[in-house]
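Number of protein chains: 2
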Amino acid sequence: MAHVFPAVAPPLRPPDRQGAVRTAARMAESALAVEGVATGSGEFRDWYAGRVREDVAEVRRIPLAELSGWCREPGTGNLVHDSGRFFSVEGLAAEDAEGGFPGWDQPVIRQPEIGILGLVAKEFGGVLHFLMQAKNEPGNHNGVQLSPTVQATRSNYTRVHRGASVPYLDFFRQADRHRVLADSLQSEQGSWFDGKRNRNIVVEVSEEVEVAVGENFRWLTLGQIHRLLAEDDVINMDARSVLACLPFGGADEAAVPSAGGGPGALLLRSCADGTGALHTTGEILSWLAGLRAVSGLSARRVPLDKVRGWKRTEESVAHEDGRFFRVIGVDVRAAGREVRQWTQPLIEPVAQGVVAFLVTELGGVVHALVNARTQAGLVDKVELAPTVQCVPSNYPQAVRPPQLRFLDEVLAAPAQRIRFDSRLSEEGGRFHHAVNRYLIVDWHGDHRIEDDTFRWIALHQLAGLLRHGHYVNIEARSLIACLHSLTGGTAATGTGEEVPA
Amino acid sequence: MAHVFPAVAPPLRPPDRQGAVRTAARMAESALAVEGVATGSGEFRDWYAGRVREDVAEVRRIPLAELSGWCREPGTGNLVHDSGRFFSVEGLAAEDAEGGFPGWDQPVIRQPEIGILGLVAKEFGGVLHFLMQAKNEPGNHNGVQLSPTVQATRSNYTRVHRGASVPYLDFFRQADRHRVLADSLQSEQGSWFDGKRNRNIVVEVSEEVEVAVGENFRWLTLGQIHRLLAEDDVINMDARSVLACLPFGGADEAAVPSAGGGPGALLLRSCADGTGALHTTGEILSWLAGLRAVSGLSARRVPLDKVRGWKRTEESVAHEDGRFFRVIGVDVRAAGREVRQWTQPLIEPVAQGVVAFLVTELGGVVHALVNARTQAGLVDKVELAPTVQCVPSNYPQAVRPPQLRFLDEVLAAPAQRIRFDSRLSEEGGRFHHAVNRYLIVDWHGDHRIEDDTFRWIALHQLAGLLRHGHYVNIEARSLIACLHSLTGGTAATGTGEEVPA
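So the protein lines, in turn, are chains A and D.
Using our numbering, you'd call the opening residue of the first sequence number 1 and step up by one each time.
Using our numbering, you'd call the opening residue of the second sequence number 1 and step up by one each time.
Do not take every clue at face value.
In silico DSSO-like cross-links for lysine-lysine, where the CA-CA straight-line distance does not exceed 30 Å [unchecked claim]: (1) Lys381(A) with Lys381(D); (2) Lys381(A) with Lys306(A); (3) Lys311(A) with Lys381(A); (4) Lys381(D) with Lys311(D); (5) Lys306(A) with Lys311(D); (6) Lys381(D) with Lys306(D).
Beyond 10 Å from chain D on every Cβ pair, some chain A residues (computed) [stated by the list, open to error]: (7) Cys71; (8) Phe101; (9) Ser316; (10) Asp321.
Computed far set for chain D versus chain A, every beta-carbon distance over 10 Å [to be verified]: (11) Ser165; (12) Ile328; (13) Glu348; (14) Gly353.
Everything labelled a hint here was simulated from the structure, so no lab data went into it.
Note that the structure is predicted; figures quoted are calculated from it, not measured.
Glycine is no exception: its CB is placed at the ideal position from the N, C-alpha and C atoms.
Throw the hints in and build the complete structure from the sequences for me.
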């Protein structure tokens, strides 16, 4: 090979592994900082209470037929926006080429554009802080929750709705000017979206960042954010998704900061990829490739008017048996939003779901039991999902479909084995009062409970896979954020206390 | 976290990195073995000449209207098989939501099932050998080429065509019983296929393997295969694809076997991920995520009858200006195939293409100049492509579209800077006489020629990305196989000799 001209020979960047060790240590330091340098916890409480008080929206349910700016497209019945953008509600027909299951039809949200879930990070007093936004979404049952710095669809930031510009967006549009801590395209709900993905990105900036935009933003350490995760409905789905992608992986076992001998230290050690795992990452990748190759599931979009088993009325689109979800309309009148009044469709699940990881320690490394789950709306059809991810009331008592495997183990676990238990919302811009109970439960028994679609996977392996898209679904990412929250928060300071549910 | 019962506490597998070092060293050893233990090169020559002589097929071009077992689907004009399986030829409409380019229509092969490209590896005399198959495909202009051990569509191996069973298939269907060296779903031609992917898998077996199946199989070292890559049209596309996925990455710089001070040793050192790179892998991933997020390209399938700009006749489907490719029919009468007579459609490009990497050494590490290329038929739209990938005659002389960037640098390179130059075929089961000139050319100048869609990427980074799907396109994978072939073959033993074109 030719040598380049010596005059321009560039220095090489060291292997990612070297940088990863230092970055993971900084994540750990921020996770252990339960008090902020930029924003004291008392100050945060006052500010957050103020946002909740002041940023209110009146969300009124209206018939789909009364949506303004949206129409039922002639010929298909699809719910589309007059601009042709934002998103649409269409139909999806899922089939199994192999005849292994009967197939089904359902409404689905189509949003082919890739939005940005962006988090800005910056050091204060040597500790990484993250710029969180108080954001009111129409589907949130409690109004304001904490979102990432930027949570914008492409329509948002190209200003289709002629609202205000998106603050801090340029940090992500020109990400290579900053230190990029995480950046990947990640899937969203495979049961409700058709191929939706967002760019989950975290950039660290060294310059001064103006924080005065409508008083909606505050810098918090990971430790502060983690404590808020233990509360119901404070940290929103988009924030959890991007928090899960933070570069915890690549930690050096020897360099793990001391957090006592408790669960915090164990979790940090489990992020070090030198600690090994029950299965090699190569084995996990091969298992997934094999399942994807034989999956007979194919999904094609169909007109919403042609979806079988669902009732379309002026009011809503609902399942004939009242199961799963409804498509409803809302009228929103908001203070502090880019646009002050609008109407839109939302998906409203009929009941609360359960999303849970069974976790165990194997050889000093925390492993979670993941389920390789086929979902019609995922681009690559199979991703790693939580141990349990279901709405129990969708299934008759007598039936125990694979979706309910391990549900009893989770719900019947004694309190001292429940490490995490919060009610958290899914994205309030698309889903109406969509709340799941998120649980992390110690598995206290023989680990040999894997089958074709379940594997114990080490925490550092999940962190490694999260550098890429197509591997970890949104529900599992939420739980991974929750799992990291046990590092330094109240619930996991080594006292073995139970987490209040 | 709970401890598991001590009685069943399993030993953890060491980090992938440890295993990867040894595996990469074994790859290097096999690459340096230019003579085989299982099959001497003379013996191979005799056998291959015999296969070429005996495994002959008469391939006759016929009008599409005369295909038997295939029909034009009423209402769409799509070319479909009567069984509804194998593949179909449909239409694709590519559009740019942002209006950055005008969009286009084209015929496309749809083959949603995921096939297997599987290679069986086994040690003979301490050196890894790979079981190659002599296979005659109807689109090959020279009949027999060397394919992986198994090259089977799902229709093949589920016996839709009622032919013979696929030898060695069980090694891949039950891969976890063996040592899996590589296993990922990889894309195929994004300009000709709609979302086609195959499982590229390599398993190492320790048991005895029966090799008597029709005398079509021989064990070869990587060094032997690499020498054959330097010849025109011996190693087929599927073999190149899976060879590129071999676990060369993870090599330990210190453990690189001596191959003199020439290009061989340089290439092996470049597979060691401890050597650094011009850009970190994190930066490369972020660059790709950013391009995918802003890509406005959307592609939807349309009926073949509705494809604009193409002429449909009884004979073929061809572009109105005679550019790009034609869809033609062939009648095949073969000896030594599972089914002895059949007809099928094939895609026939109108001219020979050029596929090339510019490579350079930066800081002792070989880097290739990759192009993040948007292709309508890729599941994730943007993948890493070669520096040059085009059919020059598709473009008028006066026009220099982005596709032709660096074409002159490649074609005008002096002979001593051409490291590799072979004419190689694309998949003969779908493409008729689709031959590209594959080149690897030393870039002898300032490396600062990157722009928005070009990056220098180290060989070990490409190896790392190839553990996953959606990153490296089929043309780039072919070239990566060619690049590895310079490790120990005649063309790269450090003498600086030119490669005969």
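Open item on the list: Between the alpha carbons of lysine 381(A) and lysine 306(A), is the straight-line distance 30 Å or under?
Closed with: holds (23 Å)
Open item on the list: Tell me if the straight-line CA distance from lysine 381(D) to lysine 306(D) falls inside 30 Å.
Closed with: holds (23 Å)
Open item on the list: If I take the minimum Cβ distance from serine 316(A) to any residue of chain D, is it greater than 10 Å?
Closed with: Label holds. Min Cβ-Cβ 28 Å, cutoff 10 Å.
Open item on the list: Just to be careful, I want the Cα atoms of lysine 306(A) and lysine 311(D) compared with a cutoff of 30 Å; is the pair within it?
Closed with: Not OK: lysine 306(A) and lysine 311(D) at ~33 Å, beyond 30 Å, violated.
- [ ] Classify the label on aspartate 321(A) as holds or violated, using whether its beta-carbon is more than 10 Å from each beta-carbon of chain D.
- [x] holds (30 Å)
TODO: Hey, is phenylalanine 101(A) genuinely clear of chain D, shortest beta carbon separation above 10 Å?
DONE: holds (17 Å)
Task: No chain A beta carbon within 10 Å of serine 165(D)'s - done: Serine 165(D) clear of chain A: closest Cβ-Cβ about 17 Å, beyond 10 Å.
Task: Given hint lysine 311(D) paired with lysine 381(D) - CA-CA distance at most 30 Å - done: holds (27 Å)
Open item on the list: Would the non-interface assignment of glutamate 348(D) survive a Cβ cutoff of 10 Å against chain A?
Closed with: holds (29 Å)
Open item on the list: Just want to verify: glycine 353(D) was marked as not at the interface with chain A; is every Cβ pair farther apart than 10 Å?
Closed with: holds (25 Å)
Task: Pair hint outcome, lysine 311(A) versus lysine 381(A) [Cα-Cα no greater than 30 Å] - done: holds (27 Å)
TODO: Would you check the hint for lysine 381(A) and lysine 381(D), treating anything up to 30 Å between C-alpha atoms as holding?
DONE: holds (16 Å)
Hint compliance for this structure: hint 5 alone is broken.
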